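Asks: Each chain, written out:
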Amino acid sequence: MTVKVAQEWLNSCSGCEIAIVDMGERLLDILAVADFVHSPVLMDHKYLGQLGNGKHIHIPEADVGIVSGGVRNEEHVEVLEEMRRKCKIIVAHGTCATHGGIPALANSYTSEEMLQRVYSTETTDAPAASFDEDVPPLLDACYALDEKVKVDVYLPGCPPHPDHVFEALTALATGSPLNLPGRSVCDHCPTVREGKGQLKTLRRFLQSPHYKAPDEPLDKMRCILEQGMLCMGPVTRAGCGGSKIVPRCITARVPCRGCYGPVKQNGNQRLDMLNALASNGIDISSLPETVSLLRFSGAHHQLRPPRKKQEA
Amino acid sequence: MGQIINIHPITRIEGHASIAIQLDDQGEVRESKVRILSLRGFEKFVEGKPAEELPRIVNRICGICPWQHHLASNKAVDRCFGVTPPPAGRKLRELMQAISHSEDKILHFYFLAAPDFVMGPDSDYSVRNIIGVAKANPDLAKRVVRMRQMAKMILETFTGKAIHPHAGVPGGFSKPLLEEDRKDFLAKMREMLDFALFTIEFAKTEVFPKYLDAVKTLGVIKTGFIGTVDGDGALNLYDGMTRLMKPDGTFQDFDPQQYDRYLGEHVEPYSYGKFPYARCWGEGFSLDLEAPRGIYRANTLARINVADKMATPRAQAELEEFREKFGRPAQFTLLHHWARLIEEVYACERAIQLLEDPEITDSNVRAVVEPRAGRGVGCLEAPRGTLIHDYSTDQNGMITRANLIVGTTHNLGPINMTVNQAARSLIKGGAVDEAALNKIEMAVRAYDP
Amino acid sequence: MANIRNQDSWVHSGEPEQATRKAMDLVRMAVSKVGLLNPLPEIVVGVQQSALVIGGGPSGMTTALELADHGFPVHLVERSNLLGGQARFLYNTWKGEPIGPALQEMDARVRSHPLITLHMESTVTDAEGFVGNFKSTIQSPRGPQAVDHGVTVIATGGKGYTPTEYGYGTADRVYTSIEFDKLTMMGDRRINDAKTFVFIQCVGSRELGRMYCSRVCCTHSVQAAVQLKEQDPTREIFILYRDLRTYGEREELFKKAREKGVVFINYELHGKPRVTQLDPRQLEVVVWDHILHEPLRIVADAVVLATAIVPSSANADLARIYKLSTDADGFLLEAHAKLRPVDFAGDGLFMAGLAHYPKSVDEAVAQAKAAAGRAITVLSSDRIGLESTKATPVLANCDGCALCLDVCPYHAISLVEEATAEGSRSSHIQVNVAQCKGCGMCQATCPKDGVYVAGFSMEQITAQVKAALAL
Amino acid sequence: MSYEPKIIGFTCNWCTYAAADLAGIWRMQYPSNIRLIRVMCSGMVHPRMVTEAFSLGADGVMVMG
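Protein sequence lines correspond, in order, to chains A, B, C and D. FYI, the numbering for the first sequence is 0 to 311, going by numbering that gives the first Met the number 0. FYI, the numbering for the second sequence is 0 to 448, going by numbering that gives the first Met the number 0. FYI, the numbering for the third sequence is 0 to 470, going by numbering that gives the first Met the number 0. FYI, the numbering for the fourth sequence is 0 to 64, going by numbering that gives the first Met the number 0.
The hints are simulated quantities; they were obtained by calculation from the structure and are not laboratory data. Since this is a predicted model, take the numbers as computed values, not measurements. Cβ coordinates follow ideal geometry from the N, Cα and C atoms, glycine included. Keep in mind that a hint or two might mislead.
Said to hold, decoys possible - Each computed BS3-like pair below joins lysine-lysine, with the alpha-carbon atoms no more than 25 Å apart:
1) B/209 x B/324
2) C/259 x C/181
3) B/134 x B/221
4) A/211 x B/182
5) A/54 x B/245
6) A/199 x C/158
7) B/308 x B/245
8) B/209 x B/221
9) C/158 x C/358
10) B/134 x A/3
11) A/263 x C/259
12) B/32 x A/54
13) C/465 x C/158
14) A/307 x B/245
15) C/465 x D/5
What the hints assert, rightly or not - So, partial list: chain C residues that the calculated Cβ filter (under 10 Å) puts toward chain D:
16) 2
17) 32
18) 384
19) 388
20) 406
21) 410
22) 457
Construct the entire structure; sequences and hints are all you get.
Replies: In C-alpha cells form, the structure reads like this:
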C-alpha cells in the first residue's frame with residue numbers, strides 16, 4: 000500500500016528537507032511506500048501547470064501534506080490553504096512550522112523596519128520605491144502554520160531528527176500511532192544535576208563548560224546550567240538526539256538554545272525559563288537580553304514590535 | 000500583450016524562486032525575470048543579540064550550507080572580539096568546512112542535478128527526480144545515499160548536529176578531537192575520496208559526453224568571477240584573499256575585510272533578492288546579455304576559474320584536464336557541475352590532509368573570549384559562492400549592525416542572464432514545451448541556488 | 000469552599016446586587032474546582048519520642064530540663080567543657096536576681112537528671128530525617144555517635160563582640176561591659192576608687208555590617224550606673240547613647256538613674272565619641288554635645304563599652320546540617336515572627352536563646368520554655384498526622400531537570416535515578432511528604448507541569464480563573 | 000458607561016486569605032469586583048496563571064502573600 004505525499008516549504012531554509020534526506024538508507028524504504036505527488040525540492044511538479052499557463056496555485060490531492068517553514072507572505076498563505084484543502088493530514092514539519100522558528104525573531108520588528116534595514120546596508124544601492132505586484136507582499140509578521148490553518152501533527156525541531164521524521168512518516172504511512180518524546184531536553188541529558196545551589200547570576204557562553212579531560216564522558220560532566228551558563232534544556236521539548244537520545248548540543252558540550260520549541264505546544268519558553276531562574280534566586284538581569292529565549296518560538300504573538308509611544 | 004509563462008516554483012533547487020517569461024505578440028521572448036519570493040530579514044533581527052550567539056542564529060539562513068554560515072559568523076565574531084582561535088580550533092573548523100563541502104556536492108550532483116542528466120531533460124516530470132534515479136539505478140542510488148550519509152555522520156557523531164551546527168564557538172571550537180575519532184574519520188574520508196574519484200570518472204565517461212552540445216549552448220553567458228585563494232593563488236575554501244576576475248581573465252585580489260570597497264548590491268523591483276555586482280569596476284550594473292556591466296559569478300566554476308592551481312594533487316590533475324579542455328576562465332554555465340566534482344575531490348583531499356595533521360587532536364581548541372566593541376568580517380567559500388558576514392558590536396559585545404552577502408545571491412544577476420539566454424534560444428514563435436522549460440531550469444540548477 | 004460570608008456578604012453589604020453576582024461567581028468557581036478534585040490520602044508517620052538540644056547555656060539547659068521533666072529522653076550537646084554559656088559571665092538580671100546560683104542549680108540538675116544524656120565537648124556534624132524521625136551524628140572526643148530523635152532544639156547562643164574602637168585593647172581602663180561586671184564582682188580597685196565613669200553605647204551595633212540593636216546593653220549600662228551612684232553618690236557618670244532602649248518595666252531603671260544624676264548625652268554616627276589616654280589612670284573622652292553645640296570634654300577614670308552581641312559561629316554549620324534559615328547577620332530565622340516565633344520553617348525544629356537574636360537571660364529562659372512546649376506537641380504522641388496538601392510529582396512530565404530542588408524551602412525534594420528500558424538513565428524528583436508543606440514553590444518553578452500541589456494544580460486553579468471570568 | 004475592571008486575586012492560605020476573612024469579621028467594605036482564589040502560598044502562583052488570567056479577560060491580577 001502506498002501513501003500519497005505532498006511536501007511544501009514556506010518561509011524556510013530547507014534544513015527540514017535535508018533532514019528527510021538524512022534518513023540515509025531509510026529514505027529508500029520510505030520512498031517505497033510514499034508516493035510523492037508534489038515536492039518542490041525533490042520533483043518538478045509546478046503550481047501553475049507544467050507549461051506555466053495556469054492561473055491559480057494547484058497541488059494534487061494527497062493523504063499526507065508535509066509543510067515546513069513559517070508563513071511570511073501572501074503566497075505562503077495561498078500555498079498553505081491549498082495544501083490544507085488537498086491533504087487529509089497536515090504535518091507541521093520543523094519548528095518554523097510549529098512555532099515560527101528563527102525567522103520569527105523578525106516579529107520584534109515591523110515589516111517596514113525590516114525592509115528598511117535590508118535595503119539600506121552599506122553595500123546596497125538605493126532601491127526602487129516598491130516591489131512589483133507579482134512579488135508576494137509580506138504579512139505583518141511570521142506565523143506558525145496553526146495560526147492560519149488546522150494542523151494535525153506537530154513535528155518540531157530545527158531540524159527535526161531524521162529518526163523522528165522516519166518514525167512519523169512510517170506511522171502516517173502505516174496508520175500506526177505516533178509516539179514522540181514528550182518531556183524536556185533534560186530527560187535525555189546525561190550530565191550530572193545536583194540542584195542550582197548558590198548560583199546567583201549566569202555567565203555568557205564565552206568559555207566552554209568545565210570538564211576534567213577531553214575524553215571525560217558526558218555523564219561525568221556537571222549540568223551546564225548548574226555551571227552557571229544559560230541552557231534552555233528545561234523548557235525545550237525533547238527529541239533532538241533522536242533514538243541515540245543524547246541531546247545534540249550537549250554532545251558538543253554546548254548549551255541548548257531551545258530549537259525544539261516549548262515542551263507543550265502552547266508553552267512560552269521565555270516565560271518559563273525566566274520564571275524558573277528567578278525562582279532559584281538567579282538574577283535574570285545577568286542575561287544580556289531575553290528576546291532570544293524565544294528565538295525558536297516567536298510566532299503566536301509571543302514576539303511583537305514594541306508598542307509605539309503615543310505622539311505627544 | 001503576449002503570453003506570460005510562469006515556471007513556478009523553480010524545483011530541485013534550494014530555495015524559493017520563480018521564473019516569469021514574457022512573450023511578445025509574435026511569441027518571441029521579450030523579457031524574463033527570476034523572482035526571489037521570500038525575505039526573512041536576518042540583517043535586521045540579529046541586531047541587539049549577543050554576538051557569541053550569532054553563529055547559532057545565522058546558520059538558519061540555509062539548511063544546506065549551515066556549516067558555512069556558522070563558521071563565517073564565528074570568524075566575524077572572532078574579529079569583533081579581537082580573538083584568534085588556537086591552531087587546533089582553527090583546523091577543526093576547517094575540517095568541518097571541508098567535510099560539509101564534500102557531502103553537499105554529492106547531494107547536489109546526485110539528488111538535485113542528476114535527474115536531468117540520468118533521466119534526461121525530456122523525460123516526464125513524475126520520474127525526473129531522485130526517486131526515478133533510484134528506481135533506474137538502485138545500486139548507485141544506495142551507494143550515493145550511503146556515502147553521503149557517512150560524511151554527514153562524521154559531522155553528526157563528532158559535533159552532535161550536522162544541520163544547523165553549534166560546535167564552532169567564538170574563540171575556536173567547542174570540543175577537541177579524540178585520537179580514536181581521528182582514525183575513524185580518516186578512514187571514512189579516504190573512502191569518501193575514492194567515491195569522489197569514482198564520481199568524476201563516472202561523470203566524465205557516462206554523463207558529460209552526452210551533453211557536450213548542451214554545455215556549449217545552454218544558458219551560456221560571459222561574466223567575471225569571484226572566489227577565494229591562498230597566498231600561492233591556490234583555491235582555498237576556508238580562508239584567504241578574495242579574488243575578483245574580469246570576464247577577460249584579469250583579476251585583482253583584496254582582503255575580504257574590505258569587501259564593501261569592491262562589491263555593491265543592486266535592487267530590482269521584481270525580486271526580494273539583491274543583486275551583488277562589482278562596484279569597483281566602475282561600470283555600474285546591467286544584465287544586458289550582449290553588454291553586461293558589473294556582473295560576476297560565484298560558486299564552483301568561479302572558484303575553479305579564479306584559482307591558479309589546486310592545493311592537493313588529485314584535484315590539481317583534474318583541474319589541468321579541465322583547463323586543457325575549456326580554458327581559463329571557462330564560461331559555459333553547465334560546467335559548474337564538472338567544476339563541482341573537481342572541488343569534491345579537493346574537499347576530500349583537504350579533509351584527509353587535516354586529519355593527518357597531528358596537531359588537530361590538540362586539546363587546546365578555544366581561546367578566552369571577552370566581549371568588546373568592534374567590527375569584523377567573516378568570509379569563506381560556501382558551496383554556492385563567497386559568503387560574507389559583516390558585524391559590528393558595542394562594548395557589551397551586542398550586535399549593532401550586520402550586513403550579509405550570501406553565496407547564492409552573487410549569482411542572482413548571472414542566473415537572470417542565463418535564464419534569459421536559455422529562454423531566447425529555446426522558445427521560438429510561441430512554441431513552448433515542457434522539455435524546453437525544464438532545460439531553462441536545468442541551466443538554473445547548474446548554479447545550485 | 001465558596002467563602003460567601005466573610006469574603007462577600009459582610010464586605011459588600013452596601014451593594015447587595017453586586018454581592019449576589021459575586022456570590023454566584025464564587026459558587027461557580029468552587030464548583031469548577033471541585034469537579035477536578037481527587038481524594039487525598041491521609042499521611043501518618045511515627046514519632047521517635049526523644050529530643051536533641053544543641054547548646055548548654057541557660058536556654059539549652061532549660062529546654063532540656065523541661066522536656067526531661069515531662070518524661071522525654073533528651074540528648075544535650077555542648078561544645079565546651081562547661082555548662083552555662085555566656086551567662087557564666089553575668090552578675091544578675093535586670094531585676095537584680097543573682098544569676099550564678101541559679102545557673103549552678105541548673106547545672107547540677109542537668110548532670111543528675113536520669114533522662115538527660117549529656118554530650119560535652121561535642122558538636123553535631125551531620126543529620127538527616129524529618130519531624131519525628133531525625134538521625135543526627137554527634138562528634139565527641141570519643142568519636143562519632145548517631146542518635147535518633149523526634150525533635151531538635153537549637154540553642155547555640157551568642158557571644159560578645161570584641162571591639163577595636165575607643166582605644167579598646169590599647170588604652171588602659173577601657174573595658175567591655177562583661178569585663179566591667181567581673182571587676183565589679185571582684186571589688187577591683189580600678190573600679191572601686193574611680194570617680195568618673197563614661198559608658199559608650201552601641202559599640203559595634205547599629206552600624207554598617209551589624210545593623211541590629213543588641214537589646215540588653217542599654218539596660219545593663221543604666222543598671223550599672225545606678226549601682227555606682229548608689230555606692231558613691233559623688234561619682235560622675237556619663238552615658239553616651241544613640242537611642243536609649245530600656246524597654247518595658249526597665250524604664251524604671253532609667254528613671255532612677257536620672258533621679259540620681261546620671262548624665263545622658265546623645266551622640267550620632269557622624270560624631271562618635273573620641274577616647275584618648277591622658278595617663279595610665281585617666282582617659283579623655285570628647286563627645287559633641289548637641290545641646291551646647293560644642294564638644295564636651297570628660298576626663299574619665301573608666302570607660303565602659305556596651306558591645307554588640309554576635310551569633311555563635313555554630314549557627315552557619317547547623318543551618319547547613321538541618322537546612323535552617325538564618326538572617327543576614329547569621330542569627331536563626333523563625334518561621335513567623337508572630338504566629339510561630341520559636342519554630343523553624345521545617346517541622347520538628349525549634350530555637351531558643353541568643354542564637355535567635357540578642358535577648359536577656361530571663362527572655363532566653365522564657366523562650367526556652369516556649370520551645371520545650373512546642374516540642375512537646377510533637378513528642379506527646381507516637382505518631383503524627385500530616386497535612387495532605389503535598390507536592391506530587393507527575394512522572395509523565397518530570398525529567399529531573401533539578402530546577403525545583405533548591406527552590407523548596409523545606410528541602411523536601413530530591414532526585415532519584417532509574418535505569419530506563421533502553422538502558423540509559425532517567426531521573427525524576429521525589430517528594431518527602433513529611434517535609435513538604437504544600438507551598439507549591441516547586442509547582443510555580445517547574446516549566447513543564449512536572450509537579451503540582453494536591454488540590455491546587457494548574458488545571459484546578461485555571462478552572463477557577465476561567466469560572467471567575469466567565470461572565 | 001462606567002468601566003468596571005475585573006480583578007483576580009491570588010491569596011495565600013496563611014496570611015492574605017485569612018486577612019480577607021478578618022476583613023469580613025470587621026465588616027470592612029471594599030469594591031466587589033475582585034475574585035479571590037486561595038493558594039497555599041503566593042509563591043505557588045506560576046507566572047502562567049497570571050498570563051492566563053489576563054488572556055481570559057482579567058483587567059488586573061493581584062498576587063498577595
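Asks: For each hint given before, does the structure comply? Return the numbers of the non-compliant ones in rising order.
Replies: Violated: hints 3, 5, 6, 11, 13, 14, 18 and 21.
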